[in-house]
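There are 2 protein chains.
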Amino acid sequence: MKFCCQCGASVELRIPAGDTLPRHVCVSCETIHYQNPRMIVGCIPEWDDRILLCKRAIEPRYGLWTVPAGFMENGETTCQGAARETLEEANARVEVGQLYALYNIPHISQVYILFRARLLDLDFSAGAETLEVGLFAQDEVPWDQLAFATVRRTLTQYFRDRGNGEYRFHTGTIEPVRKP
Amino acid sequence: MKFCCQCGASVELRIPAGDTLPRHVCVSCETIHYQNPRMIVGCIPEWDDRILLCKRAIEPRYGLWTVPAGFMENGETTCQGAARETLEEANARVEVGQLYALYNIPHISQVYILFRARLLDLDFSAGAETLEVGLFAQDEVPWDQLAFATVRRTLTQYFRDRGNGEYRFHTGTIEPVRKP
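Line by line, the protein sequences give chains A and B.
Sequential numbering of the first sequence, starting at 1, is according to the working numbering.
Sequential numbering of the second sequence, starting at 1001, is according to the working numbering.
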């Protein structure tokens, strides 16, 4: 951030009075521009013993598989966001159910919020940001072609929970991948 | 938003190609400025049968009582944010425990995330944004002087859960107060 979005003057990075962290503050109108983490909302759409996955048509991770999820929008609930993303990415209608996982990803200032969901019909297809949509049983999931650590972790727990006959809520923190 | 924070030129509200919602887009450098909901993170600090509450020294709801909570910051986890807010508002150290509640507040584009927490010692005091800090048993809570609907709802459920001997996770949507 270089300019104030309110008045167009320059901003400087400083700790405002009464605050503890540096913020972008306008040198002219003195507006403080806070920056906060964003939420990714999505779901695991279920149809009998299979779940719906999407093959990404966009970067990052073009061509890899994920659950439908994306940035939560202003004015919606987490559940509404999860259903909207599923409609956008897979043209699929779901009834959103229990909160299933909340992962912190502090190094990119994101929180990942995933629900279980009931797929309402089989009339799904690839949305604009998706190459392909499919239903996968546990042994059909493309485990070596999953797009994100959050997806791998969530689906591993999901099928373990299913095996145990009880879906528990999962939470944790995703650390950055350390390259050798 | 009137100006691009990247280049200082004007922004216009339009639906970018491939998008479905109007965004602030720079007329010069074409940066798309997304706006997303923010998270409020906090906790219910517990000490035996009492919980810690803070009397607000800031608007909104100056002079009314709340649990320690505030805007989540970039680079932290939800738990770290809850502990930081408790330290800032009540100079209190907590061990953050289970996720207790997640409330959507779509009309102000916020998501409220609350944990249970164990207060580690009694060496607490009012922080800069707090007039007074205290420990309250259920019948001592200032029920008619609580700051927010989320706080009232959470504490009502909390003491009901305690009575039932089981703390369940709670989620829901807070609607705007309709003035007559």
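No lab work stands behind these hints, which were simulated from the structure alone.
Given the structure is predicted, the values throughout are model-derived calculations rather than measurements.
Please note that the accuracy of each hint is not assured.
As the list claims (entries may be wrong) - Pairwise CB distance ranges, derived in the manner of DEER restraints: (1) B:1149 with A:19: 22 to 32 Å; (2) B:1159 with A:60: 13 to 23 Å; (3) A:74 with B:1140: 48 to 58 Å; (4) A:143 with B:1018: 28 to 38 Å; (5) A:15 with B:1095: 41 to 51 Å; (6) B:1097 with A:21: 18 to 28 Å; (7) A:60 with B:1143: 31 to 41 Å; (8) A:165 with B:1058: 47 to 57 Å; (9) B:1020 with A:34: 18 to 28 Å; (10) A:21 with B:1057: 15 to 25 Å; (11) B:1018 with A:21: 26 to 36 Å; (12) B:1149 with A:171: 22 to 32 Å; (13) A:108 with B:1018: 19 to 29 Å; (14) A:87 with B:1172: 15 to 25 Å.
Beta carbons: idealized from backbone N, C-alpha and C, even for Gly.
Here's how the hints hold up against the structure:
no. : hint                          : verdict
1   : B:1149 with A:19: 22 to 32 Å  : holds (27 Å)
2   : B:1159 with A:60: 13 to 23 Å  : violated (45 Å)
3   : A:74 with B:1140: 48 to 58 Å  : violated (38 Å)
4   : A:143 with B:1018: 28 to 38 Å : holds (30 Å)
5   : A:15 with B:1095: 41 to 51 Å  : violated (28 Å)
6   : B:1097 with A:21: 18 to 28 Å  : holds (26 Å)
7   : A:60 with B:1143: 31 to 41 Å  : violated (49 Å)
8   : A:165 with B:1058: 47 to 57 Å : holds (48 Å)
9   : B:1020 with A:34: 18 to 28 Å  : holds (26 Å)
10  : A:21 with B:1057: 15 to 25 Å  : holds (19 Å)
11  : B:1018 with A:21: 26 to 36 Å  : holds (35 Å)
12  : B:1149 with A:171: 22 to 32 Å : holds (25 Å)
13  : A:108 with B:1018: 19 to 29 Å : holds (22 Å)
14  : A:87 with B:1172: 15 to 25 Å  : holds (23 Å)
Consistency note: the structure conflicts with the earlier hints numbered 2, 3, 5, 7.
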